[in-house]
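> Chains A and B are the protein sequences, given in the same order.
Per the working numbering, the first sequence starts with residue 1, numbered consecutively.
Per the working numbering, the second sequence starts with residue 1001, numbered consecutively.
Read the hints as simulated data drawn from the structure, not as lab findings.
Mixed in with the good hints, there may be bad ones.
One side only, chain A facing chain B, incomplete, derived with CB under 7 angstroms [said to hold, decoys possible]:
| no. | residue |
| --- | --- |
| 1 | A35 |
| 2 | R39 |
| 3 | D42 |
| 4 | Y52 |
| 5 | C60 |
| 6 | V61 |
| 7 | V64 |
16 angstroms max Cα-Cα, derived EDC-like pairs, lysine to aspartate or glutamate [unchecked claim]:
| no. | chain 1 | residue 1 | chain 2 | residue 2 |
| --- | --- | --- | --- | --- |
| 8 | B | K1330 | B | E1286 |
| 9 | A | K6 | B | E1478 |
| 10 | A | K68 | B | E1478 |
| 11 | A | K7 | B | D1401 |
| 12 | B | K1330 | A | D11 |
| 13 | B | K1330 | B | E1408 |
| 14 | B | K1330 | A | E69 |
The structure displayed is predicted, hence computed values, not measured ones.
Built from N, CA and C at the ideal position, the CB exists for glycine as well.
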Amino acid sequence: MAPTEKKRWLDRSENVTRLYRGLWLIGLLLFAADAVIHRHEDFSWAEWFGFYALYGFVACVALVLAAKELLRRLVMRPEDYYDR
Amino acid sequence: MIADWPVGLTLIVGGLLAAAVRGRLRDVISLATPLLTLAQLALLDHGDFARVDALGRTLVLMHVDRLSVLFGIVFAIAALLNAIYALHVHDGVQRAATPIYAGSAIGAVFAGDLLTLFAFWELTAVASVLLVWASRSERSFRAGMRYLAIQLVSGLLLLAGALAHEAGTGSLAFGYIGLAAPGGALMLAAFGIKASFPLLHNWLQDAYPEATDAGTVALSAFTTKLGIYALARAYPGTELLIWIGATMTAFPIFYAVIENDLRRVLAYSMTNQLGFMVTGVGLGSELALNGAVAHAFADILFKSLLFMSMGAVLLRAGTVKGSELGGLYKSMPWTTGFCIVGAASISAFPLFSGFVTKSMIMAAAAGGGHWAVWLVLLFASAGVFHHAGIKIPYFAFFAHDSGIRCREAPLNMLIAMGCTAALCIGIGSFPGLLYALLPHPVDYVPYTSAHVLSQLQLLVFSALAFSVLMRTGIYPPELRSTNLDSDWLYRRLLPMLLRGVGSVYAMARAALERALGSALRRLDSLAVRHHHADGILARTWTTGGMVLMVAIFLAAYLVLYYA
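Model the full structure from these sequences, guided by the hints.
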């Protein structure tokens, strides 16, 4: 970054932390909304409290860990692999 | 009659004209031809038109029904957006190839018979490879050759299937075919290559990221969605497609997480989104088919928008590698905003297009009792937000500041992105406009409190997972790398096998030559021994000796005769 450039709002790490906490707040409110709004689903287990929230969180963590720990070890090669 | 002019020809003629002229005139032609195409599409009556007698058959160039008109409209819109996006491009090859490619895709959509389909099918392959080669590098040339070979194989499978179908049923009509019909499996494989079925998919991730900034946008719209169209027309309700589609939604997202080239990440998410459509075609109910074609419509737009934003980054920053980008929102705020609209649309946020189209396929899967498929689709929905919705904008425009300072995208690119973003939000906010065009009547209601809530829960908690993994440092860093995929089979394994076969052949040949050589030498010395000046066969024999020999032969003959 050029030294003369003005600092943006996102350049301050405390603001990023604020965003992060705000996201958790929204998440918890949405989680709690299951108590208010009844979701009718085709599968009864999908009506469990917090089903979508937990599924989304667990699915993404599992996705990243599997991709990082399994797939990357298996298939990652140097960038010029096919050019050699 | 207006329907007797094959609607795809307008763009093809426009492309040929664009190859001949330059400057303002070329710009006018590239913008006018998609508009003319749209106007014609709005005026078409349903039915079969433009019959041509050729090859001893009657070919139907214009089969007009709700399905073909819907795909025609979205292809024409994509052609118009591509034309605006590419106005700054001075390369005549790209300016000509793009409309010819779009026109041949529209021609294929309106094909009423399989031979017409085949002709336009091959034309899309030939026109589109020019967009890959337009990067004019050794790398893009090789990727283009691989791409072309695979596309032409798809065409040959289609032709073989069509002829087998005609021989078996006497009909060449491009309607419902099904897996059990003669040639049905061959044509499914042909369509499957275009739709990037698992293991047949990798031409897409191989070639698309090698095309030019504008070329990849055009490529993303037509070829794969033509595959979806063909599947929707010929194979609705084919149960095999449910499982193929579900596989397609899931496996590419793992690759997308670790891929560094952001346009290749988008190419993986194309296979993922195509998986939803293939599943919808496989489910085959009216809701599922509506969902599949509606999602194809929405996908063409939001995927174009995402590729447009990455094309703008490539043009201005010179790279789309996640490991080298970051902080570009400071230089390219408009592009950042448009990219986020595309990301929200592919992630199916309420008010954005994916929310009202993908959910029809999910609802059809759940309504049909396919719980395992539904869980896979839900996993893929969370995953697509993770890799396309967050990863693309985050690593390009935010993340750590890469120090790159560049200009905002050119005005024509911004206009194209703005129009596309408006369409994404328009479809998401007023789904009735798209629903009215779908092949079957729609009684699906996307905006219920339960649907909005469950989708927001899924997405926000996926975002939380990303944030937590980012802040704890668990998220894998972007690394400069090549990730092996099914293209390894024909880029490494096959050459290795061929080299192996070649060296075995060379060894066998050398051994044979050695054996043959020594046999020949032995024969040679034998001949020399017997035939040289004093050799037994070269001597002068006496007359008596000759008579004796004749007498022995005659006696032997006599004995044999009476024996």
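> Decide, hint by hint, whether the structure agrees.
Hint by hint, here is what the structure shows:
{"no.": "1", "hint": "A35", "result": "violated, 11 angstroms"}
{"no.": "2", "hint": "R39", "result": "holds, 4 angstroms"}
{"no.": "3", "hint": "D42", "result": "holds, 4 angstroms"}
{"no.": "4", "hint": "Y52", "result": "holds, 4 angstroms"}
{"no.": "5", "hint": "C60", "result": "holds, 4 angstroms"}
{"no.": "6", "hint": "V61", "result": "holds, 5 angstroms"}
{"no.": "7", "hint": "V64", "result": "holds, 6 angstroms"}
{"no.": "8", "hint": "B/K1330 - B/E1286", "result": "violated, 46 angstroms"}
{"no.": "9", "hint": "A/K6 - B/E1478", "result": "violated, 28 angstroms"}
{"no.": "10", "hint": "A/K68 - B/E1478", "result": "holds, 11 angstroms"}
{"no.": "11", "hint": "A/K7 - B/D1401", "result": "holds, 12 angstroms"}
{"no.": "12", "hint": "B/K1330 - A/D11", "result": "holds, 11 angstroms"}
{"no.": "13", "hint": "B/K1330 - B/E1408", "result": "holds, 9 angstroms"}
{"no.": "14", "hint": "B/K1330 - A/E69", "result": "violated, 34 angstroms"}
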